[in-house]
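Novice: Given next are the chains, with one letter for each unit.
Protein chains: 2
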Amino acid sequence: MARALVIGANGFVGQHLVTHLKELGDQVVCAGLQGQSSRVSEEDFRSVDITDAQSVRGVVQAVKPDVTYHLAGIAFVPEAEEDFDKALRINVAGTANVARQCHLLEKKTSLVFISSAEVYGSVKSEDLPLKETTPINPNNNYSLTKRMAEMVVERYARAERLSCCIVRPFNHIGPGQDRRFVTANFALQLARIAQGKAEPVLRVGNLEAKRDFSDVRDIVRGYRLLSQTRGGLFNLGSGRASSIQTILDTLIEVSGVGVEIVQDPERMRGPEVPELYGACSRIEQECGWTPQIPLRQSLKDVYQYWSELVACGAA
Amino acid sequence: MARALVIGANGFVGQHLVTHLKELGDQVVCAGLQGQSSRVSEEDFRSVDITDAQSVRGVVQAVKPDVTYHLAGIAFVPEAEEDFDKALRINVAGTANVARQCHLLEKKTSLVFISSAEVYGSVKSEDLPLKETTPINPNNNYSLTKRMAEMVVERYARAERLSCCIVRPFNHIGPGQDRRFVTANFALQLARIAQGKAEPVLRVGNLEAKRDFSDVRDIVRGYRLLSQTRGGLFNLGSGRASSIQTILDTLIEVSGVGVEIVQDPERMRGPEVPELYGACSRIEQECGWTPQIPLRQSLKDVYQYWSELVACGAA
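If you read the protein sequences in the order shown, they are chains A and B.
Residue numbers 1 to 315, in my numbering, belong to the letters of the first sequence in order.
Residue numbers 316 to 630, in my numbering, belong to the letters of the second sequence in order.
No lab work stands behind these hints: they were computed from the structure.
Where hints are given, some of them may not hold.
Stated by the list, open to error - Pairs of lysine to aspartate or glutamate, EDC-like flavour, derived with a Cα cap of 20 Å:
#	chain 1	residue 1	chain 2	residue 2
1	B	K615	B	D564
2	A	K124	B	E469
3	B	K446	B	E575
4	B	K401	A	D83
5	A	K124	A	E272
6	B	K422	B	D364
7	A	K124	B	E475
8	A	K108	A	D66
9	B	K379	B	E421
10	A	K22	A	D44
11	A	K197	A	E308
12	B	K401	A	E308
13	B	K512	B	E568
14	A	K64	A	D26
15	B	K379	B	D398
16	A	K86	B	D398
17	B	K439	A	E154
18	B	K379	B	D364
19	A	K86	B	D367
20	A	K64	A	D52
21	A	K86	B	D400
22	B	K337	B	D359
23	B	K446	B	E599
24	B	K439	A	E160
25	A	K108	A	D26
26	B	K401	A	D52
27	A	K86	B	D364
28	B	K446	B	E601
29	B	K401	A	D85
Could you build all of it, start to finish, from the sequences and the hints given here?
Specialist: Next comes the structure, spelled out in structure tokens:
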């Protein structure tokens with residue numbers, strides 16, 4: 001049982017992490033930007049703005065956590081692409097504020113920093129599967145700021161008092177994810193169609209890209225396990241690549257509706273790496289972690305989540 | 316002969332670079348922050364704020380340079396330490412604006428980005444001399460932002476149209492350097508003492524640290540040579556380490572005054588690497604560059620510069 005501070009607790013992954021930590025009996029303090037959509041109840045919640053050092057100092061000094069999970073930041077690639085200054089302020093300077101305040105705690109403490117497998121960037125197919133030691137080529141603002149934040153954490157990790165895990169999760173999906181992400185987006189469109197709230201036309205982007213998808217509940221289980229290691233850099237993913245086409249086909253089958261597929265130029269991202277997946281033997285060896293929830297089950301749960309929101313008029 | 320844009324032309328190194336490029340017949344456009352101390356004449360000068368993408372776009376599109384030398388940024392370690400947000404905005408986002416606008420030029424063009432040997436950070440003595448391939452450990456805000464800016468340039472370097480040099484100069488000294496830097500500071504104190512404008516007491520910080528000092532005029536000669544390569548990462552330095560004590564002893568000897576040395580706690584930086592010097596065989600092999608100006612000559616010129624400023628009441 002640990003005293004845990006979750007920064008970014010009201011985000012998609014944060015909510016699942018908080019649920020998991022509480023199930024295991026951890027004493028959890030939730031922190032994040034006030035006013036963001038949240039299923040976290042108010043009495044648990046501390047408002048924190050990671051771009052403000054004093055705000056971070058306040059919450060870290062009040063909680064004096066054994067473990068800090070830092071999940072806050074811009075998580076959507078196009079949002080970082082639009083405003084590099086903002087991405088630097090939130091993803092890099094924000095992480096510096098969190099790491100520095102943990103470092104200044106007068107106790108032995110752990111920081112689990114959630115980076116992203118996006119930092120590998122434009123990799124060649126012969127580099128697959130991506131290992132923690134694979135050379136990186138961050139090639140957009142999001143992946144650049146995530147690698148920059150890792151460097152900031154590595155700086156503080158050199159201090160003895162602070163043990164730091166840097167996690168590079170591959171894509172993860174599940175109930176509660178923002179509708180700008182592909183599986184949430186497809187599921188929402190299908191749920192609307194199934195309930196007669198939209199024409200049976202499904203708008204899609206690039207379907208060929210293959211990515212390493214995991215269930216968010218497997219991912220947060222990994223974060224908890226990593227918090228108990230001595231730190232280091234860890235990939236976290238399924239180790240397999242599935243195409244966006246497979247995601248789409250499965251969701252259509254789960255929804256049971258017939259749809260027309262339309263490629264929407266607005267949904268096509270710029271030049272993308274055709275295939276990405278990771279080698280996750282490091283976390284398996286150190287923590288015994290392997291993914292448990294099959295992709296089909298995750299997609300069923302995602303569809304169920306959006307169906308309920310559409311049915312009650314909330315989406 | 317090249318059409319050259321120098322961003323940061325009114326800084327210490329920028330002024331020496333502009334002089335050198337003009338001597339070689341390059342067509343030079345100077346750009347920088349208006350109002351900064353400058354020996355660059357006004358008719359040559361274009362005001363640019365690198366943190367403003369439109370401002371950078373304006374000057375790059377107007378000049379359409381063959382080569383852009385990007386020297387602008389926070390160059391003083393403690394200044395970056397005080398305000399990480401500002402260092403990110405100027406050193407990282409500013410470099411992104413410059414690299415992006417060069418990338419958007421509809422011509423083959425070169426970018427020479429001036430990083431810093433500080434990115435090597437806390438290195439072990441067995442890593443000396445530092446090569447371009449030596450693993451880095453940036454451990455302060457300045458070195459972090461410089462490495463981050465390198466990553467931004469590496470991103471644009473992957474595009475074919477833009478050829479990018481990333482230069483990691485070691486310490487460089489010469490006339491015109493800001494008085495916050497150690498040699499300028501000692502020389503100014505000694506010039507004041509020599510002219511009877513100060514008590515014969517010289518305030519110093521840590522004298523044991525050994526660094527790789529070059530003359531700024533050798534350094535800017537290296538930048539010009541590198542602009543003609545196909546790009547890449549290059550160390551630039553003397554390849555030898557001299558202690559701050561040696562710098563001090565030489566300056567005292569050059570000044571001919573007798574002084575009392577007082578260690579000033581305010582001048583002692585935090586934990587520092589005891590010794591740093593680089594291996595610069597890469598630029599020697601590609602460009603035939605080797606340093607020409609001996610340390611003693613540089614220090615004489617620095618002392619002369621400050622003596623003149625003190626004599627006319629400007630320092």
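Novice: Each hint: holds or not?
Specialist: Here is what the structure says about each hint:
no.	hint	result
1	K615/B x D564/B	12 Å, holds
2	K124/A x E469/B	16 Å, holds
3	K446/B x E575/B	39 Å, violated
4	K401/B x D83/A	16 Å, holds
5	K124/A x E272/A	12 Å, holds
6	K422/B x D364/B	23 Å, violated
7	K124/A x E475/B	17 Å, holds
8	K108/A x D66/A	7 Å, holds
9	K379/B x E421/B	9 Å, holds
10	K22/A x D44/A	12 Å, holds
11	K197/A x E308/A	13 Å, holds
12	K401/B x E308/A	45 Å, violated
13	K512/B x E568/B	19 Å, holds
14	K64/A x D26/A	14 Å, holds
15	K379/B x D398/B	33 Å, violated
16	K86/A x D398/B	16 Å, holds
17	K439/B x E154/A	16 Å, holds
18	K379/B x D364/B	17 Å, holds
19	K86/A x D367/B	13 Å, holds
20	K64/A x D52/A	18 Å, holds
21	K86/A x D400/B	10 Å, holds
22	K337/B x D359/B	12 Å, holds
23	K446/B x E599/B	13 Å, holds
24	K439/B x E160/A	17 Å, holds
25	K108/A x D26/A	17 Å, holds
26	K401/B x D52/A	13 Å, holds
27	K86/A x D364/B	18 Å, holds
28	K446/B x E601/B	15 Å, holds
29	K401/B x D85/A	10 Å, holds
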